[in-house]
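A.B. asks: Next come the chains, spelled out residue by residue.
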Amino acid sequence: MILLTLTRTFKSGFQNFFRNGSLTVAAVSILTLALLIISVILVLSISANLGLKFIQDKIDIRVYFKSDVEETRIMAFRSEIQKYKEVKSADYVSKNKALDDFKAANAGKPDILKAIDAVDENPLLASVNIKAVNPEQYDIITKSVENSTFKDDIASINYQQYKLVIDRFNSTIKTIRKTGAFLFILFSLIAILITFNVIRMTIFNHGTEIEIMRLVGASNNFIRLPFVFEGVIYGCCAAVIAVILLFPIVKIVTPYIIGSAYVKVIEADFLRYLVFIFIAQLFVGTALGIISSLLAIRRYLKI
Amino acid sequence: MIEFKNVKKIYSGALNAVALDDVSFRIEKSEFVSFVGHSGAGKSTILKLIYAEEKPTSGEVLFNGENITKITSRNMPYHRRRIGTVFQDYKLLAKKTVFENVAFALEVSGHTNKEIQENVPQILDIVGLGNKAESYPHEISGGEKQRVAIARALVHRPALIIADEPTGNLDPISAWGIIQLLLKINSLGTTVILATHDKEIVNNIKKRVITLDQGRIIRDHSKGRYAI
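These protein sequence lines are chains F and Y, in that order. Last residue of the first sequence? That's 303 in this note's numbering, and every number before it is there in order. Last residue of the second sequence? That's 1228 in this note's numbering, and every number before it is there in order.
In case anyone wonders, no lab produced these hints; they're calculated from the structure. Cβ coordinates follow ideal geometry from the N, Cα and C atoms, glycine included. Please note: incorrect hints may appear among the correct ones.
[Unchecked claim] Once the Cα atoms are required to be at most 20 Å apart in a straight line, the calculated SDA-like pairs of lysine to any residue come out as:
1. Y:K1096 <-> F:G207
2. Y:K1055 <-> Y:S1030
3. Y:K1095 <-> F:R19
[Claimed, not checked] Sample of chain F residues with no beta-carbon within 12 Å of chain Y, all distances over it, derived:
4. R19
5. L23
6. R78
7. A105
8. I223
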């Protein structure tokens, strides 16, 4: 009985979907637009988070010591700084290690290597590389290093150049979330309104049929369900179209917002999130469809 | 089977038209009752109160002792399945065949395809349309369309058939065919309530006639004639 009702009403909702022609196109395209907006927002905020994490892993503070500072003095600084609870790690890089790293990094450039060899003394400075537990703590760590008893031994602290990138990511994520939520609510409302009207038209078109159903004693669910299914099918179609359109859109849009340097990293992770995004789209799409059809039924179907 | 107790019906609106004014009557099981009267006398309103399309402003409408106004919207479909309805404009679905139109009544109330395949041909034979099952409504005559509507009304095997001006669009010969079909259904034990303003038909039926005028019952004769 329940199964029969479900199959029969689904069939009838399916027929409505195909017979509505241009109305179907209108409903599906506006729902697709709403879903695209929510998924672009999702993708952008996921990518921005990924990008941020990627950069955060690379960030550290490099404290360079003047060339006449003793190694024991630097080690004392290191053990002092390791006591801070904000500090995750502090690695000592000696002058020789720094030189080796430099040579390795410029292995393909004989001019630079020659220039380095030409200088008698190792021109590079010893340093301590500090990583924070939380990227927001770099400011505090920098300040306490600047004000420590070791401040006269320090040649320079290298931190500022990363600060810009981090700030940029943080503000991008905030903007994406704010404008995204606003656009999503706006387009959801428009989508509900249009789908509501499409289903209202279907109800009007089926006036005689509904009247007869009532007269011959169709259960209320039997009268209601075709329109609910119609809404569900609109939502599912929109979700499928949206996920197909999503990939090229993300490819075009992301570099402008996040900066092209990180796109490669993001694309690799993006595919992993695609399934999650599709499920979210299906869920939101059918929810929007059901809400609109229930609204239309409440207003225009005397049951 | 049906009892109206001091039923009053006022259609609220600018005019507050009084459709029924203190109407009381009883209809027993297996009766054939004709309601006659001018347009607006209240015939259709009485029928609508029975199949619960309208609610009385005051008074009670009882169906097998049960107060119809107290039926919840959830249980309303089950009330409607006890009643078959036939109208002047047939109310057939143009895109469905004769068979599908009758089957529709069973589909919407959750009968299996097997039950539909068994019942619909039987009912179509009863109304004399066994050979028109695959025709569409526009391919058959008015009288035949009304027979399809009657078949659809009968397919739930209801205790009561309500026919509101079923012959209004038909020529006299087809009309009388429809009335004979209703009489045949009545003779098999189904209660029939007919609303009409066709004098000749009423006089030929020779069954109970209730005459209405301006929302009041002015005559109720068991072997009635049309007289206003």
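A.B. asks: Each of the hints needs a verdict: does it hold here or not?
C.D. replies: A quick look at each hint next to the structure:
no.	hint	in the structure
1	Y:K1096 <-> F:G207	holds, 15 Å
2	Y:K1055 <-> Y:S1030	violated, 25 Å
3	Y:K1095 <-> F:R19	holds, 13 Å
4	R19	violated, 10 Å
5	L23	holds, 18 Å
6	R78	holds, 77 Å
7	A105	holds, 77 Å
8	I223	violated, 8 Å
Hint check: violations occur at hints 2, 4 and 8; the rest are consistent with the structure.
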